[in-house]
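Engineer: Next come the chains, spelled out residue by residue.
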Amino acid sequence: MRRQKRFVRFAASLAAVILAASPCMSAGAKELPYDTYTYDYRENVMLTPAPYVPNGRITGQTAGTTDFREPQDLCVAPDGLVYVADTGNNRIVVLSRDMKETVRVIDSFKRDGADDTFNAPYGVCVSENEQLYVADSNNKRVVVLTPEGEFVKIIDNPQSEVLEDDFDFVPLKVTVDYADRVYVIARNAFEGILVFENTGDFTGYFGTIKVKITLWEKFWRRLASKEERSKQQLYIPTEFTGIDIDSDGFVYASNLDSEGIQGIRRLNPSGEDVIQKGENGNLGGDLWGSTYGTYSGPSEFTDVVYRDKGIYSLLDRKRGRIFTYDKEGNLLYVFGGLGSQEGTFNTPVAIEAVDDQIIVLDAYHNAILRFSATEYGSLINEAVGLRYDGDEKQAIGIWEQVLKLNENNELANSGIGKAYLTAGDNAKAMKYLKLGMNRKYYSIAWQRYRNELLTQSIGTVLTVVVVIAVLLFVISQLRHRKGKGKRKEGLL
Amino acid sequence: MIKELFSLDKWKYAFYTVSHPMDAYYEIRHRGRGSVPVAIVLVILFSLSFSINRMSAGFIVNDVDPLEVNALTELVAVLLLYLLLCVGNWSITCLMEGEGRLKDIAIAIGYALIPMIICFNIGTILSQFVSLEEGAFYWIIIALGVAYGLIMMLMGIMVVHNYTLAKTLVTILLTFIAVFIIIFVVLLFVNLINQVYSFFYSIYQELMYRA
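Protein chains in written order, with the numbering used here: chain R, 1 to 492; chain P, 1 to 211.
It cannot be assumed that every hint is accurate.
What the hints assert, rightly or not - In silico SDA-like cross-links for lysine to any residue, where the CA-CA straight-line distance does not exceed 25 Å:
no., chain 1, residue 1, chain 2, residue 2
1, R, K100, R, G149
2, R, K434, P, F129
3, R, K440, P, L132
Hint data in this document are derived by calculation from the structure and do not stem from the laboratory.
Produce the entire structure from the sequences given, and follow the hints as far as they go.
Structural biologist: See the structure below:
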């Protein structure tokens with residue numbers, strides 16, 4: 001009898017659970033081929049709604065030309081045209097803004113009256129002054145053309161004392177700042193990014209990454225003999241992999257970091273890293289990964305795109321994920337993955353942004369994958385942009401919408417909290433800042449709230465204190481007298 | 001034994017130990033003023049105040065994920081550590097002419113937790129009111145409690161065994177080694193028992209399948 005009852009109760013609760021769960025299941029039915037997540041304050045993976053969803057793929061054929069062959073780089077010109085470095089076909093393909101048609105194909109140019117061609121053009125960039133820079137890798141030169149393909153100049157054969165005598169200049173990625181200074185990542189140039197003046201003269205290395213040798217490694221090197229030392233691995237700086245530039249002329253350069261701590265650098269004009277790191281000081285992509293297997297280890301950033309308002313996205317070739325950070329180094333969202341499904345990559349090599357879309361070039365599938373922002377993604381972009389402009393009050397409404405979609409979003413909570421703090425609503429500010437794990441501002445809100453409480457209740461508190469003091473005094477006096485009386489009695 | 005828990009005298013004496021550790025530990029060893037049940041209750045109280053502090057100290061000074069705090073496992077861990085320390089110290093001091101009995105060691109360590117209990121609880125309450133800049137006061141209180149507790153522990157072991165300070169420090173170092181050896185042996189033992197068990201279990205299974 002009892003067992004039966006228990007079973008009935010169990011069945012009923014099971015049914016209730018299923019009923020409660022089923023609407024959620026159908027609501028989340030839109031399947032994505034990848035996980036979308038971010039890391040919370042405690043560095044736990046926190047699944048989020050999708051910030052970006054796949055929105056078609058573009059191949060050479062869909063754009064009205066022949067297929068790409070192992071394309072290696074993408075660039076979006078200021079006028080919105082998309083330039084593809086079609087490395088295997090030795091040409092540059094220019095696509096329209098919506099990437100549905102080919103505007104032109106540049107496979108040769110006239111130089112001093114003779115025809116000249118590319119040999120494995122690896123990188124491409126269009127400057128603010130509307131000039132096309134092509135890293136013509138196997139010809140060991142950077143070719144500068146007009147967007148239409150007219151020859152302008154060639155940058156090659158850098159001469160300097162800092163270069164080794166047998167230095168082989170193989171440019172891979174290129175970018176140009178507002179003053180037409182050219183920044184080139186070259187093969188085996190571990191000292192940093194090569195910088196050329198607009199005249200084409202090599203000025204030096206830029207943004208050199210310092211080699212970190214731990215005390216332990218130093219200790220072992222000290223113990224090792226010369227012969228052993230020569231056989232040990234060399235301590236060479238990590239390579240830069242991708243490069244982009246913001247409107248102020250700061251260079252964003254991604255690099256491989258075996259520690260997984262900093263995979264991106266923001267270099268000021270004198271080559272120093274001025275990037276801001278977030279609360280946990282990590283700009284290395286994934287915090288956790290499997291410890292063995294092909295997909296183990298830290299993220300390997302292969303390209304970076306500076307988008308707008310301090311937001312930049314990094315492309316991880318190891319697990320095919322796209323990490324987006326804001327100016328303060330907060331991880332905004334992560335999406336993307338490796339695979340063979342629509343919207344996943346095999347060999348992602350380059351990332352760019354067109355309007356609110358992110359496009360990724362896949363060198364294996366010879367295709368450009370397009371991702372468009374969902375409501376969640378664009379709300380975050382907008383709110384972060386408002387915050388970048390210092391307009392936090394306006395951001396509060398957008399953050400509230402973000403919270404409706406994902407109430408665990410710490411940035412949103414923190415943003416709302418800060419807005420309440422400036423508005424003077426300290427109690428509410430405390431609530432949101434705590435949810436946003438923002439200790440610094442929570443402390444400020446608490447101090448103000450505490451002062452409020454004190455000023456409100458100082459009268460009552462003081463009265464109570466005075467009354468208690470008087471009472472205690474009276475009681476002690478009474479006791480004293482009583483004690484005296486008793487002692488006298490005792491004496492008598 | 002349990003009666004001692006309700007003896008006001010024993011409890012008063014525990015607090016007397018805090019203010020006069022040298023004298024009190026001497027009396028505990030030689031005049032039986034201490035009480036093991038009281039010491040154990042103090043250890044439990046310590047574990048509780050430690051967990052409460054981790055769980056509900058103010059957000060500004062507390063970086064512990066409340067989901068990771070489990071008062072029960074922490075209680076078990078603290079009690080086990082207490083047991084290990086007592087047994088470890090006892091087994092070393094037995095060989096090094098220590099005068100203390102296991103009972104005295106247990107009392108010495110248990111009573112030394114009183115400052116920590118007090119300071120952790122004061123800290124937990126204070127942390128509800130401090131801001132980030134005043135957080136230093138909180139940390140000072142916690143540090144004072146821990147430091148005074150450790151000093152009391154040191155004094156307790158010294159007095160109970162009638163050691164010099166140097167010898168005490170040496171025995172404490174050896175105590176830690178002893179604790180590690182005990183853990184090692186216990187793990188080894190558990191592992192072996194496990195293997196023996198699985199051996200017999202597989203024999204049983206084999207028999208059942210064939211029968």
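Engineer: Hints first: check each against the structure and report whether it holds.
Structural biologist: Status of the hints after comparison with the structure:
1. K100(R) with G149(R): The hint holds at about 21 Å.
2. K434(R) with F129(P): Roughly 15 Å separates the two Cα atoms, so the pair holds.
3. K440(R) with L132(P): 7 Å, holds
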